[in-house]
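**Student:** Work out the full structure, taking the sequences as your base and the hints as a guide.
Protein chains: 2
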Amino acid sequence: MQTETETLTQQIAALRSGAISSTFLVERALDRAVRFKALNAFVALEPAHVISQAKAADVRRAEGRALSVLDGIPIAVKDNYLTQDYPTTACSRALPLEPAGMDATVVANLRSAGAVIFGKTNMHEWAYGATNSTSSFGPTRNPHNPDRITGGSSGGSGAAVAAGIVAAALGSDTGGSVRIPAGACGIYGFKPSYGRASRHGILPLSWSLDAPGPLAAALDDIGHLLPFFCGVDPKDPATRRAMPFDGAVSVGRPRLIHLAGEGLERSAEVDAAIQSALSRCNADITVAALTNVASYFAAWEAILHCEASAYHAPLLERNAAGYSAVTRAHLEAGKLLAGVDLLKAQQIRGDLVRQLVDLGNWDALVLPTLPIVAPRAGEEWQEFGGRRVTTQDSMTWFCWIGNLAGFPCISIPIGMSPDGLPISMMLMGRPNADEQLLAVAGWIDRNLRADH
Amino acid sequence: MQTETETLTQQIAALRSGAISSTFLVERALDRAVRFKALNAFVALEPAHVISQAKAADVRRAEGRALSVLDGIPIAVKDNYLTQDYPTTACSRALPLEPAGMDATVVANLRSAGAVIFGKTNMHEWAYGATNSTSSFGPTRNPHNPDRITGGSSGGSGAAVAAGIVAAALGSDTGGSVRIPAGACGIYGFKPSYGRASRHGILPLSWSLDAPGPLAAALDDIGHLLPFFCGVDPKDPATRRAMPFDGAVSVGRPRLIHLAGEGLERSAEVDAAIQSALSRCNADITVAALTNVASYFAAWEAILHCEASAYHAPLLERNAAGYSAVTRAHLEAGKLLAGVDLLKAQQIRGDLVRQLVDLGNWDALVLPTLPIVAPRAGEEWQEFGGRRVTTQDSMTWFCWIGNLAGFPCISIPIGMSPDGLPISMMLMGRPNADEQLLAVAGWIDRNLRADH
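Protein chains in written order, with the working numbering: chain A, 11 to 462; chain B, 11 to 462.
Note that these hints are calculated values from the structure, not bench results. Be a bit skeptical, because a hint or two may be false.
Given that identical chains are not distinguished, each listed pair holds provided it fits within a single copy or across any two copies.
To be verified - In silico SDA-like pairs for lysine to any residue, Cα to Cα no more than 25 Å straight-line:
1. Lys354 / Ala331
2. Lys345 / Gly332
3. Lys345 / Ser305
4. Lys354 / Pro244
None of the values given here were measured: they were computed from a predicted structure.
**Tutor:** Laid out in structure tokens, this is it:
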């Protein structure tokens, strides 16, 4: 899908050399947004507004006043990030109570660097689902095959990047919502460690699980974007000990642990792609099982539903009819959980962290991003590895582990299925070792590409 | 009550100079324990065992091998600290599931320093109450007047120190359980900042509110004891960033804020004693109100009941009949709280912390420890400041604020009521500024004593 357009890193170089202008980039992005309108990736996009931003960037650059290497580059923003120039709806008819007219911290950081805030992307309603089939703007479609879903909840961001409309987009991730559409659409997606990146101005789903993160066309692009996410933001207390992103970290031959076994099943074609990639990536590989996966998953669900219900309580009381039936049912169910069970779930989190840390001297844990390729739109169930699982639970099948543990995670594309759909690998790093994780992913990505 | 015995600091000096021996100290403590048996301060105490520890300490000291300045000094331990040489019952017939034969970290620290672990002290059943009237060993009595309660839940430790049986004792504090008996018995009690001191091996009541702390005969004694409480203990994850206690901190004329107003009422005699002490303590005093006290109190209660119910669930299922009816009722009630309400309570905690921090440039916040003097045994209700409050809620009236905020707190005696009962002042410090708080308390204590 990327044949006509550049990665973010290539756009940075082309702008710097003068080979292209921001106005060219943004007009081409607008053209492609029209051409791929059927993907339903964008829910708000003002051509005149983004072109004026691009022209201002071109003037700055011509005068030697570029604000950063990103000055003039279009970046799309998931519709749960507050933006001063677009409405924010979380793709729900129950409109948020948060004030309009302000930027989320990550958006403000990028805007200060000159990035063109290129419209708002479609998402699963309130980020409360992983298929992007429930949205007040309708579902998104996968650029690799419009009969297939993008996954979600950052599905519009995934489609926009995979279709080459923009090279990078912002997402948020509570149980995989950055990595799932990155995996299903064959691009790169990064979820920082919990508390490393500011959520200020991003409508929450579950505040002890939520992380914002970038989706991009190439691995190096992620490294250009993470400095705008990471570090202390006084407006997000969870970041009070966050270190800024250090782009200078490098690693040697990585030690990987491939997680497999009960609760971590995947389809034969996905497993074959992962095995093949592991054999070609020049790393030390061991295999390990996880115990108590079902108990950990229940803890993740309990925390998710309870926190979401607590956050939504005032809006649900005011405008229950604004929510889709399925989201409203989740929110009502979350109210029924007992406090003692929530506390139990919070304790189980600690058990997961200890089990993962105690697996040994690993640099990254490996799983597929998804157990299957992107499902067909409308399919309610998926079958893989002896399991029959709802499409929703198939999407989060592996990804929630990273949120419950709070570890940094990345999804990288590793190949295509026989019917032309992307297959991706997820890597999990140690808490707050986001830089090391990105470097390990870079090692693997370079080895896989060199091998072609 | 302290006429015949020394403070811990005086015992340290007398042992060092050779004026007394550990055997003398311990035998005198055993004599006084017999003499004050009616106070019901101890629930386990083995004379031969503590004398043998004292004799070993005397041998070490004679050979120049004293383990620390505390070597050979008897220290009493609340019955919810695990101890390798005594059973641990939390004064309940529902016996804990925790393993016997091990020391809590604080006990182990003191034992390694040569302290004589001088028996286990009576407490409110499972620390789930502040009167010490509910205990499988019967209630404790106040050394100043046996018709009066000690307050709790560390009531046995308070009585043992106030009666001069020992100069120091260990307590735990979830809503005032160190400070309440210290206040009611006219001694000193310190609750460290949340996460500063290890709770490992102390039976929990509410793990996000609990702190262990010392009760002692004099303010300097507290400074000798806090190094054994504070610092990282890998067995208590809440201490992972805890600094060791730095005894070298000093302060100048302190800036105090006296908290008063709605929700912070107290009896006329207690208020007069506080006003008198503030006028004599050579500090800068301002007065401030707190808003939303009732909402903060509800948050403290919700967290307390919910966490206690979660911790007790396995034992309650196994042996409900072992609990007193009132404790069992608390535990059953805690199960009924919804998760969303618990989350709301956790958010309200943050509001309290911000309100206290935002009061300005204070070195300590001042309240009475108790709104009244020690109540008569058997009284169900107390009246003060236009309020009619249960005796239980009268005991925690001010103290829970320190636990909900997680701030360090100390109770110091400031005088006696006309009928000969102690009145005490509570000081709250900034989070993790335990040393500064102790230094401020020392400043006030010295000025009040110099004034006599």
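**Student:** Go through the copies and call it for lysine 354 and alanine 331: within, between, both or neither, with a Cα cutoff of 25 Å.
**Tutor:** between (32 Å within a copy, 24 Å between copies)
**Student:** My question is about lysine 354 and proline 244: at a cut-off of 25 Å on alpha-carbon distance, are they close within one copy, between copies, both, or neither?
**Tutor:** between (30 Å within a copy, 21 Å between copies)
**Student:** My question is about lysine 345 and glycine 332: at a cut-off of 25 Å on alpha-carbon distance, are they close within one copy, between copies, both, or neither?
**Tutor:** within (18 Å within a copy, 32 Å between copies)
**Student:** Within a copy, between copies, both or neither: which one fits lysine 345 and serine 305 at a CA-CA cutoff of 25 Å?
**Tutor:** For lysine 345 and serine 305, both the intra-copy (20 Å) and inter-copy (20 Å) Cα distances are at most 25 Å.
In terms of the numbered hints stated before, the structure departs from none.
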